[in-house]
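K.L.:
One-letter residues, chain by chain:
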Amino acid sequence: MSGEAAAGHGHAAHGEWECEPTPFKASWPKVMMWWFLIGDAVLFGSLLVAYGFNRVAAPAWLPQDKVFSMNFITVMTFTLITSSATMATAVAASRAGDRKNACLFTMLTAVGGIAFLGMQVYEWWHMIGHHGARLTVGPKLEGFPDVPAFSAYFFMITGFHGSHVLSGVFILLYTGFNALRGRNGPEGVELAGLYWHFVDLVWVFVFGTYYLI
Amino acid sequence: MADAHAHGHDHGPDHSHGGGHGHAPSYRGYWIAWFILLILTVVMIKIHNRNVLLAGIGIKSCIIGWWFMHLKHEARALVWTVVLGGLGFVLFLFYLMYFEAAKAIPSV
Amino acid sequence: MSRRDRGSVWRFLLPVGFLAFTAATVAAVLFKDWMPPVASEHGKGVDGMITYILCAAGLIFVAGHLLLAKFIFTSGADDAPAYKPIGNKAEMLFTIGPTIFILLISEIGVLFIGNPIWGQVFKEDPEDFQIEVIAKQFEWIAHYPGRDGKFGPFRMEKYDEVDNIAALWKKDKESRDDLVVRGKLILPAGKACQIRIKSFDVLHSFNIPAFRTKQDAVPGIYTKTRFVATTPGDYEIACAEICGVNHYKMKAKVQVLPLEKYMKWLEEEPGFFE
Amino acid sequence: MALTHSHGTDAAHGHDHPSGFWSKYIFSFDHKVIGVQYLILACIMGLIGAGLSVWFRTQLAWPGKAGMSPENYVMAVTMHGTIMIFFVVSLSLSSGLGNFCIPLQIGARDMAYPLLNMLSFWTIVPGAAIMVASFFVEGGGAAGGWTSYPPLSALPKAAPGSGTGQTLWLLAMAIFVVSFTLGGLNYVATILNLRARGMTLMRMPITIWTYFISAVLGLLSFPALTAAAIMLLLDRHGGTSFFLPSKLILSGQLQTNTGGTPLLFQHLFWFLGHPEVYILVLPAVGIAFDVLAANARRPVMGYKASVFALWAIAFLGMIVWGHHMFISGMNPYLGKYFSISTLIITAPFALLGVCLLGTLWRARIRFNTPMLFALGLISAVGTGGIGGLFLATATADLHFHDTYFVVGHFHLMIGVTSLMGTFAGIYYWFPKMFGRTMNETLGKLHFVGTMVGTFVVFTVQHFQGMGGMTRRYYEYVNEYVKPAAALNPLVTIFAFIAFGSQLIFLVNFFWSMFAGAKASKNPWEATTLEWTAESPAGHGNWNEPPVVRGDPYRYGEGADGKGWKLQTDA
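Same order as they appear, the protein sequences are chains A, B, C and D. The first sequence runs 1206 to 1418 under the numbering used here. The second sequence runs 1302 to 1409 under the numbering used here. The third sequence runs 212 to 485 under the numbering used here. The fourth sequence runs 2 to 571 under the numbering used here.
Keep in mind that the hints were calculated from the coordinates and are not lab data. A hint or two may mislead.
Here are the simulated lysine-lysine pairs, BS3-like style, with alpha carbons at most 30 Å apart [as the list claims (entries may be wrong)]:
| no. | chain 1 | residue 1 | chain 2 | residue 2 |
| --- | --- | --- | --- | --- |
| 1 | C | LYS255 | C | LYS475 |
| 2 | D | LYS483 | C | LYS381 |
| 3 | B | LYS1404 | A | LYS1271 |
Partial list, computed: chain D residues near chain B (C-beta under 10 Å) [to be verified]:
| no. | residue |
| --- | --- |
| 4 | PRO64 |
| 5 | VAL217 |
| 6 | LEU220 |
| 7 | LEU221 |
| 8 | SER222 |
| 9 | ILE320 |
| 10 | GLY330 |
| 11 | MET331 |
| 12 | THR493 |
| 13 | PHE497 |
| 14 | PHE500 |
| 15 | SER502 |
| 16 | GLN503 |
| 17 | ILE505 |
Just so you know, even glycine gets a beta-carbon here, dropped at the ideal spot from N, CA and C.
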């Protein structure tokens, strides 16, 4: 895939094509990944800022703990945090040259991601089926007004986050498989890890700002 | 990176300075961080205080960024880029828009 | 590749061109008053601010082009001796000097001339006349609170293109004496007016060029602007924010009456539901 | 996906010496070919975008004579703005010349990730196609202005182009953002990591600094537009109300939306929109620095100061977006803040301008076409920048907002300045692209036409704006504006001149590609790294890796009396 880079900067040309040290002290894939994550952070940031703006301006908002089961959300958060820890372990194992553990923990992370996705599907089903929420209709709650923005932001933000989790799971499966075969070095696992931690990081913000505040 | 050398996975551009990263962190550190994150999550859920929540978000994101994403081991330039670029401008955007949202006079 | 450019025609043509452009621009500013005649109190301040920037910016503009022309005209030909460094001090003076100068003049302008006038435009004073302007595709509607001094609330469900253009409702007692004027805004001279702007559909912009007043009409919220019209006479509102196909036709008359005449008009005009 | 594995072990060396037509010119990994592809795409889009402007300029000068309805008019101004900003200036300057000269100027074989580079070009092609296709759907292309503020752009019934046309517009913009982000990632990684030995950061030509900074700005600001576009699409097709307030009445019908606010979109849009201005302007200024130094035969004045100024502009550019919204209903206190902070930008910008100007001090100027464009750029950036002083002051903006003053100002900045920089760059690097030079006579004709045409058009528009002439008007029916609108025929005639001279450029560009005079390795006797490669440079740029031994602008210090030294010379 990125073999073409090798033509210029990889194994083939190593030694004859020296580069200046970079201020980030990281290889170009990692630099690229970081900048991608920064951009993605601004994207999620913008969505959350939009949510914050509407929330501050809105005359009414629904109590989240009445709409969602807080224990369930906590379990979701636990799952994602745990998967982040397994991912960090996978990166460390891969660095130590422990292919088997690298693969194992990457796969565990992917399982965590799938579990999280499953819970999110349940969450959506609960919102749609139980509360009657739609993109344009807020969840129905005794004694509270209809707040369409509540469900619009819910579906948009969690949906967008969920799509990141989904793509993350695919990346993890691919990376874990390659790690076992020794096809990618520790950096491949590390980059997948960066992406996964970022997804977790975003969830911290979503969890804190959407579900709790 | 240091390990990358040892295992022959060097890739031209960065190998000349990869050595500064020190040892691969032990697994245990990650699971301690994991435990702290769990505790913080529980604290955030139990205490319905806006300031506690914001502090919780801040600490949690720092732990994830600092330990899990290895910002601890990265160059300072990268850390500042992430903090300023990924977080600073967004917070600033919200900060200014907060006044806007709080002051607008709804007309219907 | 045109290595020997000693006698290049561009050495004369470019400076002449730049100087001609500068001279024409300066002349255009000096010999013609481009701004529409000003007819509001803060408008004079706005014009003052613009004049201040014109002078300051004009100075930079002229100086920059003179230097540019001079540098081009006096640049040595290719076989002149090679470049000798100018010296750090001279370079510093040449670069930092103008930078600080421009920063100072622009910040002084905005802090001491601009912002006080900006404050006037958004001042809130209960003594002011309260007038509401409604924007919709593609017309302006003036809404006066009537004798009770209170605007009737909007009942958007009651809106009707023909009978109830302002979406008021006669059962509301505040609405009963409200005045609604389509396509015309009647204002008193010499008295501050607080304009509350409301849009029914998309963004519009309440723009009276003669008053140097401009404020978007944003659906969902009220926006506000304030001015004191100084001279009785007829002016125009033009929409300044694209609002659809007939954006260009979205205009209305502004009639500034002497204070007594205005009060008389307010007294005599029947309310919307009367 | 591809990002996850860092260095391929499946090295596909097949493309190293591409032989077939398809792999060499169409799906090439070579940054130089991709750069030229971008330029050609920008030429095509430029013809469409500028053609639209000629059409509506005719309408403005002689109302009713251009065969244009008001519906056509709002569509034409909208699409002209969008196409010109995103598909002409961005593509030619940022993507086209950027791709071409970044690896060459820093001494890299190619971009960090050539496959991604190719993908980002082939992503933008369908984007451009969709943008053009939107003219032909029912209701025509988008008609809400290039800013496409909701509710006008969110409610299909609000304007004729707000139906399918607006959807396609959003789609094309989303594709553009994806492509531009991929390109920006490549730029940043390449410039940070692949500089040749000795090419320290402070030895990079200013062009590279400006490309780096504009890529960073793009990566930080475009996501805000993406977010706004996602929400706007949901508003249009999902029935949500992110930007739509309660109880709107449109053509007599009460709308069902509740709870949003259009101001949110404006904030998100301008959070991108203002940095976007610098994304377009800064690389042009950077190229002008290179061209000026090479043809004035002296180092640029204040290299370090310029780099500092560029960073200051970038940082400040991220926090001043609200000066586009002074009268949008924004909190008046924010108006004061944005005024003060925007005017701080005058300082680094003045520093940059003075450094440009100072580069001519004690110069030995060669008046070739790229140099003429660079000199024109100095005037354009100064004249346009001064208009910015008026618009950045909230008080003066009360009069100037959404008038032709704004139009004149931003055309001078992101139209004339960036295109002058682009042309300077194209004439300057053409020998490196094709091994041939462009025709000088046609080039100078092009310069005179562009210079006279654009300067008259946009300077006069400043005065029309002072007269209160509002933007995006199909016809000027108001009384107060008659004196200002009387100048419209003059403006239009000079717009024709400006447009006509671009046709000269197109002829010159494509003709010289095949029939221009052969060029040597370093025809301008310039010092930066790209001139050590062959003309045209082959795939991989150099056979031996270049080693940089000095500053980028080593003029006037040559030991052997020739007065200049390559960056690789000891």
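K.L.:
Run the structure past the numbered hints and jot down the numbers of the failing ones, going up.
P.N.:
2, 4, 12, 13, 14, 15, 16 and 17
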